[in-house]
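Peer 1: Sequence:
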Amino acid sequence: MAQQVRIEDRDVYVADNDLVPDPWKGLFTNEEWMMHDIVVKATYGFLVIALIAHTLVYLYKPWLPNI
748 MAQQVRIEDR DVYVADNDLV PDPWKGLFTN EEWMMHDIVV KATYGFLVIA LIAHTLVYLY
808 KPWLPNI
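Residues 748 to 814 (the numbering used here) are what the sequence shown spells out, left to right.
What the hints contain is simulated information worked out from the structure, not anything from laboratory work. Warning: the hint list may mix true and false statements.
[What the hints assert, rightly or not] Just the calculated beta-carbon pair ranges, DEER-fashion: (1) W810 / V786: 43 to 53 Å; (2) P770 / L794: 16 to 26 Å; (3) Y791 / L811: 19 to 29 Å; (4) I785 / Y805: 38 to 48 Å; (5) Y791 / D765: 20 to 30 Å.
Glycine residues also receive a C-beta, built at the ideal position from the N, C-alpha and C atoms.
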């Protein structure tokens with residue numbers, strides 16, 4: 748996973764961004780990409796729940812006049 752590289756008498760570890768798609772490798776590390784993935788999926792989940800709730804409430808008691 749991580750490569751050990753020797754630079755000027757120091758060991759430096761370079762992490763691979765194997766989970767990050769190529770266009771985003773400069774912006775995200777694996778950990779940041781996984782957190783981004785969680786936030787995006789949670790936002791989509793909230794959107795779905797909100798749409799279902801609003802649809803059910805509108806079917807129960809419409810708040811817009813008939814068009």
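Peer 1: CB of P770 to CB of L794, is that within 16 to 26 Å?
Peer 2: 24 Å, holds
Peer 1: For the range 43 to 53 Å, tell me whether the beta carbons of W810 and V786 fit it or not.
Peer 2: Violated: the Cβ-Cβ distance is about 31 Å, outside 43 to 53 Å.
Peer 1: Is the gap between the beta carbons of Y791 and D765 within 20 to 30 Å?
Peer 2: 24 Å, holds
Peer 1: Has the hinted range 19 to 29 Å been met by the Cβ atoms of Y791 and L811?
Peer 2: 26 Å, holds
Peer 1: Quick check: does the Cβ-Cβ distance between I785 and Y805 fall within 38 to 48 Å?
Peer 2: 30 Å, violated
Hint check: violations occur at hints 1 and 4; the rest are consistent with the structure.
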